[in-house]
Amino acid sequence: AQSVTQLDSQVPVFEEAPVELRCNYSSSVSVYLFWYVQYPNQGLQLLLKYLSGSTLVESINGFEAEFNKSQTSFHLRKPSVHISDTAEYFCAVVPSGGYQKVTFGIGTKLQVIP
Amino acid sequence: EPEVTQTPSHQVTQMGQEVILRCVPISNHLYFYWYRQILGQKVEFLVSFYNNEISEKSEIFDDQFSVERPDGSNFTLKIRSTKLEDSAMYFCASRATSPGRNNSPLHFGNGTRLTVT
Numbered sequence: 001a002q003s004v005t006q007l008d009s010q011v012p013v014f015e016e017a018p019v020e021l022r023c024n025y026s027s028s029v030s031v032y033l034f035w036y037v038q039y040p041n042q043g044l045q046l047l048l049k050y051l052s053g054s055t056l057v058e059s060i061n062g063f064e065a066e067f068n069k070s071q072t073s074f075h076l077r078k079p080s081v082h083i084s085d086t087a088e089y090f091c092a093v094v095p096s097g098g099y100q101k102v103t104f105g106i107g108t109k110l111q112v113i114p
Numbered sequence: 115e116p117e118v119t120q121t122p123s124h125q126v127t128q129m130g131q132e133v134i135l136r137c138v139p140i141s142n143h144l145y146f147y148w149y150r151q152i153l154g155q156k157v158e159f160l161v162s163f164y165n166n167e168i169s170e171k172s173e174i175f176d177d178q179f180s181v182e183r184p185d186g187s188n189f190t191l192k193i194r195s196t197k198l199e200d201s202a203m204y205f206c207a208s209r210a211t212s213p214g215r216n217n218s219p220l221h222f223g224n225g226t227r228l229t230v231t
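For the protein sequence lines, the chains are Z and C, in the order given. 1 is the number of the first residue of the first sequence in this note's numbering; add one for each residue after it. 115 is the number of the first residue of the second sequence in this note's numbering; add one for each residue after it.
The set of hints was computed from the structure by calculation and includes no laboratory data. Hints should not be assumed to be uniformly reliable.
DMTMM-like, lysine to aspartate or glutamate: derived pairs with alpha carbons at most 25 Å apart [claimed, not checked]:
no. : chain 1 : residue 1 : chain 2 : residue 2
1   : Z       : K49       : C       : E158
2   : C       : K156      : Z       : E64
3   : Z       : K49       : Z       : E20
4   : C       : K156      : Z       : E88
5   : C       : K192      : C       : E132
6   : Z       : K109      : C       : E132
7   : C       : K197      : C       : D185
8   : Z       : K109      : C       : D176
9   : C       : K192      : C       : E167
10  : Z       : K109      : Z       : E58
11  : Z       : K49       : C       : E117
12  : C       : K156      : C       : D185
13  : C       : K171      : C       : D200
14  : C       : K156      : C       : E170
15  : Z       : K109      : Z       : D8
16  : C       : K156      : Z       : E66
17  : Z       : K49       : C       : E170
18  : C       : K192      : C       : E170
19  : Z       : K49       : Z       : E88
20  : C       : K156      : Z       : E20
21  : C       : K192      : C       : D176
22  : C       : K156      : Z       : D8
23  : Z       : K49       : Z       : E64
24  : C       : K156      : Z       : D85
25  : C       : K197      : C       : E173
26  : Z       : K109      : C       : E199
Note that the structure is predicted; figures quoted are calculated from it, not measured.
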C-alpha cells in the first residue's frame with residue numbers, strides 16, 4: 001500500500017514571496033507522483049506530474065516539484081506567489097504498474113497574503 | 115479541453131433517503147472513479163470502474179453504495195439510504211490509459227456537495 005504525508009495543513013505566505021509545500025510518500029514499489037490543486041468551490045485540477053526522466057518537473061504557472069527518491073519526497077515550490085495561487089494543494093501517488101487507485105495526501109492550504 | 119462534468123453541484127437530502135450523483139466522464143476515457151472529501155479531511159478513494167465492472171473498492175464503499183454506467187456516457191454513484199456521515203464533496207474522475215500503464219493522471223469533475231440532514 002502507498003501513503004502520502006503532507007506535513008503542513010496550512011501555509012500562509014506574503015505575495016511575491018517564495019513557497020515550498022512539502023510532500024513525502026511511502027511505497028514498496030515504484031510510483032508516479034502528482035500535485036493537484038483545488039481552487040475555492042472547484043474540483044481538483046492536475047498541476048504537474050512526475051512519471052520518469054528528469055526529476056524536476058514544472059507547471060505552466062510557475063510551480064515546480066522535484067522528485068527525490070532517496071528522501072521519498074516530492075516537494076512543490078514556487079519562487080514568487082500570487083494572490084491567485086491561494087488554493088488547496090494535494091500531493092498524490094499511484095503505483096507505476098497495474099490499474100491501482102491514486103492515493104492522496106490530506107492537502108495543504110496555501111494562503112497568499114497581499 | 116474536454117471536461118468531466120458532475121450534476122448536481124449541491125444536493126441536500128434527508129437521512130435515509132436515496133441519492134444518485136451523476137457524472138459524465140471524458141468521452142474516450144476507460145477508467146472511472148469516485149472519491150469523496152469530508153469537510154476538512156483528505157480526499158478518499160471510494161471505487162474504480164473499468165470495463166463495466168468494479169475493479170477496486172475501499173472499505174467505505176459498503177452495501178449502501180453502488181455504481182452504474184447506464185449508457186455510453188453517464189457514470190452514477192447511488193447511496194441507498196443516506197446517513198449523516200455521508201455528507202461530503204463527492205468527486206468523479208476519469209482516466210485514459212492503456213493496459214498495463216498507470217501513468218495517465220486523473221481528470222476530476224467539480225464535485226457534488228452532498229448534505230444529509
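- Item | Ascending list of hint numbers which this structure does not respect | 6, 7, 8 and 12
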